[in-house]
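Number of protein chains: 2
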Amino acid sequence: MKPVKVGLCGLGTVGSGTFNVMQRNASEITRRAGRPIMIEQVGARRDNPDCDTTAVLVSRDIFEVVNNPEIDIIVELIGGYDTAYELVMQAIANGKHVVTANKALIAVRGNEIFQAAREKGVVVAFEAAVAGGIPIIKSIREGLTANQINWLAGIINGTGNYILTHMRDEGRTFEDVLAEAQTLGYAEADPTFDVEGIDAAHKLTILASIAFGVPLQFDHVYTEGISRISAEDVAQADALGYAIKHLGIARRVANGLELRVHPTLIPKQRLLANVDGVKNAVMAHGDAVGPTLYYGAGAGSEPTASSVVADIVDVVREMGADVASRVPYLAFAEPNRDVEILPMEAIETAYYLRLVAVDRPGVLARVATILSEQGISIEAIIQKDANDADLVPIILLTHRTRESEMNEAIRQLEALADIAGDVMRIRVESLNDQ
Amino acid sequence: MKPVKVGLCGLGTVGSGTFNVMQRNASEITRRAGRPIMIEQVGARRDNPDCDTTAVLVSRDIFEVVNNPEIDIIVELIGGYDTAYELVMQAIANGKHVVTANKALIAVRGNEIFQAAREKGVVVAFEAAVAGGIPIIKSIREGLTANQINWLAGIINGTGNYILTHMRDEGRTFEDVLAEAQTLGYAEADPTFDVEGIDAAHKLTILASIAFGVPLQFDHVYTEGISRISAEDVAQADALGYAIKHLGIARRVANGLELRVHPTLIPKQRLLANVDGVKNAVMAHGDAVGPTLYYGAGAGSEPTASSVVADIVDVVREMGADVASRVPYLAFAEPNRDVEILPMEAIETAYYLRLVAVDRPGVLARVATILSEQGISIEAIIQKDANDADLVPIILLTHRTRESEMNEAIRQLEALADIAGDVMRIRVESLNDQ
Numbered sequence: 001m002k003p004v005k006v007g008l009c010g011l012g013t014v015g016s017g018t019f020n021v022m023q024r025n026a027s028e029i030t031r032r033a034g035r036p037i038m039i040e041q042v043g044a045r046r047d048n049p050d051c052d053t054t055a056v057l058v059s060r061d062i063f064e065v066v067n068n069p070e071i072d073i074i075v076e077l078i079g080g081y082d083t084a085y086e087l088v089m090q091a092i093a094n095g096k097h098v099v100t101a102n103k104a105l106i107a108v109r110g111n112e113i114f115q116a117a118r119e120k121g122v123v124v125a126f127e128a129a130v131a132g133g134i135p136i137i138k139s140i141r142e143g144l145t146a147n148q149i150n151w152l153a154g155i156i157n158g159t160g161n162y163i164l165t166h167m168r169d170e171g172r173t174f175e176d177v178l179a180e181a182q183t184l185g186y187a188e189a190d191p192t193f194d195v196e197g198i199d200a201a202h203k204l205t206i207l208a209s210i211a212f213g214v215p216l217q218f219d220h221v222y223t224e225g226i227s228r229i230s231a232e233d234v235a236q237a238d239a240l241g242y243a244i245k246h247l248g249i250a251r252r253v254a255n256g257l258e259l260r261v262h263p264t265l266i267p268k269q270r271l272l273a274n275v276d277g278v279k280n281a282v283m284a285h286g287d288a289v290g291p292t293l294y295y296g297a298g299a300g301s302e303p304t305a306s307s308v309v310a311d312i313v314d315v316v317r318e319m320g321a322d323v324a325s326r327v328p329y330l331a332f333a334e335p336n337r338d339v340e341i342l343p344m345e346a347i348e349t350a351y352y353l354r355l356v357a358v359d360r361p362g363v364l365a366r367v368a369t370i371l372s373e374q375g376i377s378i379e380a381i382i383q384k385d386a387n388d389a390d391l392v393p394i395i396l397l398t399h400r401t402r403e404s405e406m407n408e409a410i411r412q413l414e415a416l417a418d419i420a421g422d423v424m425r426i427r428v429e430s431l432n433d434q
Numbered sequence: 001m002k003p004v005k006v007g008l009c010g011l012g013t014v015g016s017g018t019f020n021v022m023q024r025n026a027s028e029i030t031r032r033a034g035r036p037i038m039i040e041q042v043g044a045r046r047d048n049p050d051c052d053t054t055a056v057l058v059s060r061d062i063f064e065v066v067n068n069p070e071i072d073i074i075v076e077l078i079g080g081y082d083t084a085y086e087l088v089m090q091a092i093a094n095g096k097h098v099v100t101a102n103k104a105l106i107a108v109r110g111n112e113i114f115q116a117a118r119e120k121g122v123v124v125a126f127e128a129a130v131a132g133g134i135p136i137i138k139s140i141r142e143g144l145t146a147n148q149i150n151w152l153a154g155i156i157n158g159t160g161n162y163i164l165t166h167m168r169d170e171g172r173t174f175e176d177v178l179a180e181a182q183t184l185g186y187a188e189a190d191p192t193f194d195v196e197g198i199d200a201a202h203k204l205t206i207l208a209s210i211a212f213g214v215p216l217q218f219d220h221v222y223t224e225g226i227s228r229i230s231a232e233d234v235a236q237a238d239a240l241g242y243a244i245k246h247l248g249i250a251r252r253v254a255n256g257l258e259l260r261v262h263p264t265l266i267p268k269q270r271l272l273a274n275v276d277g278v279k280n281a282v283m284a285h286g287d288a289v290g291p292t293l294y295y296g297a298g299a300g301s302e303p304t305a306s307s308v309v310a311d312i313v314d315v316v317r318e319m320g321a322d323v324a325s326r327v328p329y330l331a332f333a334e335p336n337r338d339v340e341i342l343p344m345e346a347i348e349t350a351y352y353l354r355l356v357a358v359d360r361p362g363v364l365a366r367v368a369t370i371l372s373e374q375g376i377s378i379e380a381i382i383q384k385d386a387n388d389a390d391l392v393p394i395i396l397l398t399h400r401t402r403e404s405e406m407n408e409a410i411r412q413l414e415a416l417a418d419i420a421g422d423v424m425r426i427r428v429e430s431l432n433d434q
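Top line first, the protein sequences correspond to chains A and B. Taking UniProt numbering, I'd label the letters of the first sequence as residues 1 to 434. Taking UniProt numbering, I'd label the letters of the second sequence as residues 1 to 434.
Don't read these hints as lab results, they were simulated from the structure. Note that the coordinates shown come from a computational prediction; the quantities given were computed from them, not determined experimentally. Watch out, some of these pointers could steer you wrong.
[Claimed, not checked] As a list, the in silico DSSO-like pairs of lysine-lysine whose alpha-carbon atoms are at most 30 Å apart:
{"hint": "1", "chain 1": "B", "residue 1": "Lys5", "chain 2": "B", "residue 2": "Lys120"}
{"hint": "2", "chain 1": "A", "residue 1": "Lys268", "chain 2": "B", "residue 2": "Lys268"}
{"hint": "3", "chain 1": "B", "residue 1": "Lys2", "chain 2": "A", "residue 2": "Lys120"}
{"hint": "4", "chain 1": "B", "residue 1": "Lys120", "chain 2": "A", "residue 2": "Lys2"}
{"hint": "5", "chain 1": "B", "residue 1": "Lys2", "chain 2": "B", "residue 2": "Lys120"}
All chains, please: the whole structure from these sequences, using the hints.
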């Protein structure tokens, strides 16, 4: 059978992994795909010493690859928004199928990309955009196709999970572990995308669309990072039987859809609570199947390449199928535009609060009264011994309540003369996996 | 688009779940599949009060369903070998696609079934045959298609996992928990298939074929059950930092393939060690992706139906693809018949041994000498206090060694005058998931 010809754009971390996996496992991949798949041309600004490209056409101009009429599938691994967008749109205009690992591009401009691809009848595949090597797009989009998804929750940023894991295991501060992660190459020099939750929000946007059949709506994701989490919060959570994880959560509720990224206390015995270091995991709960979980490497050269190459093989298969028989880009033939993404004020969850009070009689009663007046019921309250400055840390766990009521309670708490500084608030979710 | 017509054979636990999920989620399934899928006819010996079949043609003779020319896809959910085999082969002969949840049928007669299906150009799908609702076939067969799989290990029998979980959590005996599981409906009146590992061996046979591209070889799986595990073994393992899980393990080694089902000590911090109750999980380790894990309900009406319906949708899609573009039944276009399944004597693993010695001087030295003479090195040895009968339990952990050498050592240990009764041997695996 005639080989399928791939144009590989980008030869950085993921590009080099893709190149090497395709060379090393060529015979197994051919046996699985039923026909040979070869890299016809590589487009990269510079060579990568990890790849032996001597037998392959190499171009310094990625647009030469996109315009090469021999090529069937363009693999976009250059990252970023602008050039990547141009590249992908040109590939589609040229009638080529596209495989990409670019979560930002898909989350932010996916709707227009899929529209263009639909009009040209080409496939755009993006398994590697979410959770690296874990086949999470395929599992939700095809494996759980019988289900109405109730909710999903995932550790979908390895850097954040690395930092939280080491804060917990070693009692260290956020800043300290971040600096170490930067030295080890697990965090960027500018870590904003990872630690402030933007990268996780990109991925959650994609997961939610394929799970719930809604258009990509990155702008509607509530996004909160982990930079305010203190060593004390980690220790207090642990003492209460919880781990703090940075989660992306999407949940179907009666009046719409919750889409939120934030630090979350989850019970220690949950599998998700035991996903440590740079690893990723996504839990998806379907009405028929119940809870399911998918775990693996969320980033890295060859793990991400594993998903890129799986996509290439899927595209090769879809090339032999009529367009109506292909898996829709976002799982559903038509996205449902009538589902409201709820504002954060409308969601309901439980809360962990940590406040610092001046040590005088009645302070606990005043705190409890404010919560009670907002209809917030308390599950646990722990008052520590006063420190040298006569300040008393108070830790609270509440039952489920509405975020708007909690916002009002926190406003009133912070206005109390007894309370020093800001109230620390972390959301608490049960995420039952049994 | 013309609806695809399904014939559902069997209306028991999984059949009724399939019927109900397809009715309840019909609109979401249609939106995903891109065309309506309807149950045209049900074949079942009796009605199921959980299903409202009034709008559907019902036949008491499943072969009427298989011979109905209107039907595109036959769903075999009657279980067992003989009638199910006849049914599936007749469906294939009639040019119909087949979806089945029948692990025994696929593991034992899959090679002939796939051969017949290949000749007729029809699809046979069997996601529900392994690990219930977990999309494990799809994840390994398609999601990890870029990888050479190094090993996989799974908790793939919910009954066994339920028993071991309750033995550990409540310090109870095997017989005691089994009786409870039978009362609760988690175990059959004759529990042999589950507790002696035959069911797990069926599933491991299938997983190994799709992971390693070898023919189905149920007869070559080493199979050992959990009925000899005592409450003391569970407690000793726990004290040493291990959980005992009943695992199916397949591993590629230099000279062949290991295929084995047996109780296994694994470190407590592994995710697999924390998969409890009736839940299933499979860990698959690929050369590119590293360790990945898939978790969920391994049995039950609607979880299993989730996989059956996902298969139906996949078959609908494959109906629109040329035969060469379909995913091969066992992942590879042609299975590799040259890979040897190693006899159990040839595998290497670490071991937990529990022996009961007569309390007299030198017994520990004699035990250590026997192991040393077989080249077996000891990681830990624990001698307990003597009981009333002057018997001393000795617990040993060894480093990795060859099974044949361990067999010889156990033979010699049991021949010692100092040793009372049989030596209990449980294999120990690290199964690193980081």
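Hints and how they fare:
1. B/Lys5 with B/Lys120: This hinted pair holds, its Cα atoms lying about 19 Å apart.
2. A/Lys268 with B/Lys268: The hint holds at about 14 Å.
3. B/Lys2 with A/Lys120: Measuring from Cα to Cα gives roughly 24 Å; hence the hint holds.
4. B/Lys120 with A/Lys2: At roughly 24 Å apart (the allowed maximum being 30 Å), A/Lys2 and B/Lys120 satisfy the hint.
5. B/Lys2 with B/Lys120: holds (23 Å)
The structure fails none of the hints (numbered hints given earlier).
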